[in-house]
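**Student:** Residue-level listing of the chains:
2 protein chains.
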Amino acid sequence: MANCSRARSLLSLMAIRSGASASSPLRQFCSSAALSKFGNVGFIGLGMMGSRMVNNLIKARYRVAVHDINYDVMKMFADRGVPTRETPFEIAESSDVVITMLPSSSHVFDVYTGKNGLLHGGNFLRPWLLIDSSTIDPQTSRKLSAIVSNCTLKGKKDDQRSPVMLDAPVSGGVLAAECGTLTFMVGGLEEAYLEAKQLLLSMGKNTIYCGGTANGSAAKICNNLAMAVSMLGVSEALALGQSLGITASTLTRVFNSSSARCWSSDTYNPVPGVMDCVPSSRNYEGGFASKLMAKDLSLAAASAKEVDLKCPLTFQAQEIYLELCKEGHEAKDFSSVFRHYYGGSDE
Amino acid sequence: MANCSRARSLLSLMAIRSGASASSPLRQFCSSAALSKFGNVGFIGLGMMGSRMVNNLIKARYRVAVHDINYDVMKMFADRGVPTRETPFEIAESSDVVITMLPSSSHVFDVYTGKNGLLHGGNFLRPWLLIDSSTIDPQTSRKLSAIVSNCTLKGKKDDQRSPVMLDAPVSGGVLAAECGTLTFMVGGLEEAYLEAKQLLLSMGKNTIYCGGTANGSAAKICNNLAMAVSMLGVSEALALGQSLGITASTLTRVFNSSSARCWSSDTYNPVPGVMDCVPSSRNYEGGFASKLMAKDLSLAAASAKEVDLKCPLTFQAQEIYLELCKEGHEAKDFSSVFRHYYGGSDE
Numbered sequence: 392m393a394n395c396s397r398a399r400s401l402l403s404l405m406a407i408r409s410g411a412s413a414s415s416p417l418r419q420f421c422s423s424a425a426l427s428k429f430g431n432v433g434f435i436g437l438g439m440m441g442s443r444m445v446n447n448l449i450k451a452r453y454r455v456a457v458h459d460i461n462y463d464v465m466k467m468f469a470d471r472g473v474p475t476r477e478t479p480f481e482i483a484e485s486s487d488v489v490i491t492m493l494p495s496s497s498h499v500f501d502v503y504t505g506k507n508g509l510l511h512g513g514n515f516l517r518p519w520l521l522i523d524s525s526t527i528d529p530q531t532s533r534k535l536s537a538i539v540s541n542c543t544l545k546g547k548k549d550d551q552r553s554p555v556m557l558d559a560p561v562s563g564g565v566l567a568a569e570c571g572t573l574t575f576m577v578g579g580l581e582e583a584y585l586e587a588k589q590l591l592l593s594m595g596k597n598t599i600y601c602g603g604t605a606n607g608s609a610a611k612i613c614n615n616l617a618m619a620v621s622m623l624g625v626s627e628a629l630a631l632g633q634s635l636g637i638t639a640s641t642l643t644r645v646f647n648s649s650s651a652r653c654w655s656s657d658t659y660n661p662v663p664g665v666m667d668c669v670p671s672s673r674n675y676e677g678g679f680a681s682k683l684m685a686k687d688l689s690l691a692a693a694s695a696k697e698v699d700l701k702c703p704l705t706f707q708a709q710e711i712y713l714e715l716c717k718e719g720h721e722a723k724d725f726s727s728v729f730r731h732y733y734g735g736s737d738e
Numbered sequence: 392m393a394n395c396s397r398a399r400s401l402l403s404l405m406a407i408r409s410g411a412s413a414s415s416p417l418r419q420f421c422s423s424a425a426l427s428k429f430g431n432v433g434f435i436g437l438g439m440m441g442s443r444m445v446n447n448l449i450k451a452r453y454r455v456a457v458h459d460i461n462y463d464v465m466k467m468f469a470d471r472g473v474p475t476r477e478t479p480f481e482i483a484e485s486s487d488v489v490i491t492m493l494p495s496s497s498h499v500f501d502v503y504t505g506k507n508g509l510l511h512g513g514n515f516l517r518p519w520l521l522i523d524s525s526t527i528d529p530q531t532s533r534k535l536s537a538i539v540s541n542c543t544l545k546g547k548k549d550d551q552r553s554p555v556m557l558d559a560p561v562s563g564g565v566l567a568a569e570c571g572t573l574t575f576m577v578g579g580l581e582e583a584y585l586e587a588k589q590l591l592l593s594m595g596k597n598t599i600y601c602g603g604t605a606n607g608s609a610a611k612i613c614n615n616l617a618m619a620v621s622m623l624g625v626s627e628a629l630a631l632g633q634s635l636g637i638t639a640s641t642l643t644r645v646f647n648s649s650s651a652r653c654w655s656s657d658t659y660n661p662v663p664g665v666m667d668c669v670p671s672s673r674n675y676e677g678g679f680a681s682k683l684m685a686k687d688l689s690l691a692a693a694s695a696k697e698v699d700l701k702c703p704l705t706f707q708a709q710e711i712y713l714e715l716c717k718e719g720h721e722a723k724d725f726s727s728v729f730r731h732y733y734g735g736s737d738e
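Residue numbers (our numbering), protein chains in the order written: chain A, 392 to 738; chain B, 392 to 738.
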């Protein structure tokens, strides 16, 4: 976890700095009363996504305390006057709601149930609501939700309300996290979702209630598998078209006015030069890393195996992205599959 | 070819009848002077697509003569006062431009080069422009184009102009053919494309010039392979989501507001009940048959092999559609892959 967080920290510094600049003086915002019923928000996981989400919470005048295992990132927030906590448990102790934004299922499980974790191995919780925005497998979301709902709220022995966990992964990537235009896919109790909606909308532009526990996580991995398969289909089609003598720009125009139209062709085209302001036009830098896509496809493939569903394209997509990572392109945007796997030439 | 045409004929009768009703009295239209430089249009292939395209040519007041090997279909047109010809060669002899809309590469090759074919095995042609709107492999388009351009125009010995073939396959399906809203993807000489544009727009709403010879055919098979892969990705994702407990409607809403958005999710959703007026909501009747998708994927796969390009998802998609056909679903719309291959349940 340390290495992972260390790798994220450098990239996070820019976000933290830009956040400080955009909402300065932050100290003043941090001490402002939040508009929501959640007076104190705890946030765990200050990576590329999380640090930007915190910035937007602060802009929306929530009182936020943060935690990350990376000391440098924590210090950056502390220097801006944002309260920091040494452990997830300390976050839980001082918050009405806790949001986690972590790299994988095991990180989330550890932050919830580990030593000095949110639940501190015990049965009592201060925050009645825990929101996990990480992209993790639905099985882990379901397991953690059950553990959380078996806890009792501290100091409210007579209150019948149980703590609640919502799985609320996001779509939109780093830029959307920065601009506060994320979409949250939320699974869990609908009542809790409705109470959390205002809080989520301070970091995003849209929330979609997906039904019961773990349905947010399920929606996210299903979305990403469909996106990956689409990207691969568009990449194969554009590579084949170029080999047959038709330019990617022309072929993209055909797709976008026809039945091959998709986000990977009209918004995030994988061929350099076809669109401005997308990773393919800046050497596949930024965006959504291939290693993250490989991870999401692994979650989808594992889920498909668990429910005994044949998903040949999902498995094939997973293999392709694992191969891409092995070949050293794991940090490149996932649209780089066009160049590095299909060997497409530039226009 | 006879069987194939026979199978199409019954379905064509409705189109012919509706055409007669929509533009009656047709006899008057047929004898009207056409607005374009192409006074006499020959049309070969009166299947589900072709018969509807002819109706729109007639509505636009072109003088059209038609040919099909199916006598019943020919008779229906003759009864409406549309001139019919016994052979492709007779069509060529009476036309300034000939449009073909046939089921496969071999049909097109035969109509062009066979006994009593358009070229009549000779070197002289009356029409200076031949337009093939069939979906065929780029190799055949290229070969036929070369043969055509080596012919000499009849009675124009001093004219330097050579006959020209355009490959101009369409997207949009039967409904678009009926409504005149097809999109033509055109390969060949740009000058010829510009001269043909008005004619094409009488059957469609859009034309896209794709570059040199065979680029229209290439664009079409690339579009359809990307569409097939997208449909399979969306189907796997929706089937997986349902297995994990999330409804297809909710998941579709997630996709359409996120990065999995595509034509197969927002316009042609494969799950019954999610959208009105799509094949999945009428037991996968109508639309684009799985056997046609299997054929197009075979063309794409063959082209990929020829240019030595790895296209694993294309090959996998081809296998899935061939399997679907073997299982007896060849006449169902290609979105039926959701139910028949992935075994998705209704909502």
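No lab work stands behind these hints, which were simulated from the structure alone. Predicted model, so just to flag it, every value in this text is computed and none were measured. Glycine included, C-beta positions come from ideal geometry on N, C-alpha and C. Accuracy of the hints is not assured; some may be wrong.
Claimed, not checked - Here are a few chain B residues that face chain A, going by a calculated C-beta distance under 8 Å: (1) 500; (2) 504; (3) 511; (4) 565; (5) 570; (6) 572; (7) 580; (8) 601; (9) 632; (10) 636; (11) 637; (12) 640; (13) 648; (14) 701.
**Student:** Indicate, hint by hint, whether the structure satisfies it.
**Tutor:** How the hints compare with the structure:
{"no.": "1", "hint": "500", "verdict": "violated, 19 Å"}
{"no.": "2", "hint": "504", "verdict": "violated, 23 Å"}
{"no.": "3", "hint": "511", "verdict": "violated, 30 Å"}
{"no.": "4", "hint": "565", "verdict": "violated, 13 Å"}
{"no.": "5", "hint": "570", "verdict": "violated, 16 Å"}
{"no.": "6", "hint": "572", "verdict": "violated, 11 Å"}
{"no.": "7", "hint": "580", "verdict": "violated, 15 Å"}
{"no.": "8", "hint": "601", "verdict": "holds, 5 Å"}
{"no.": "9", "hint": "632", "verdict": "holds, 4 Å"}
{"no.": "10", "hint": "636", "verdict": "holds, 6 Å"}
{"no.": "11", "hint": "637", "verdict": "holds, 5 Å"}
{"no.": "12", "hint": "640", "verdict": "violated, 10 Å"}
{"no.": "13", "hint": "648", "verdict": "holds, 6 Å"}
{"no.": "14", "hint": "701", "verdict": "holds, 7 Å"}
Checked against the numbered hints given earlier, this structure breaks hints 1, 2, 3, 4, 5, 6, 7 and 12; the rest are met.
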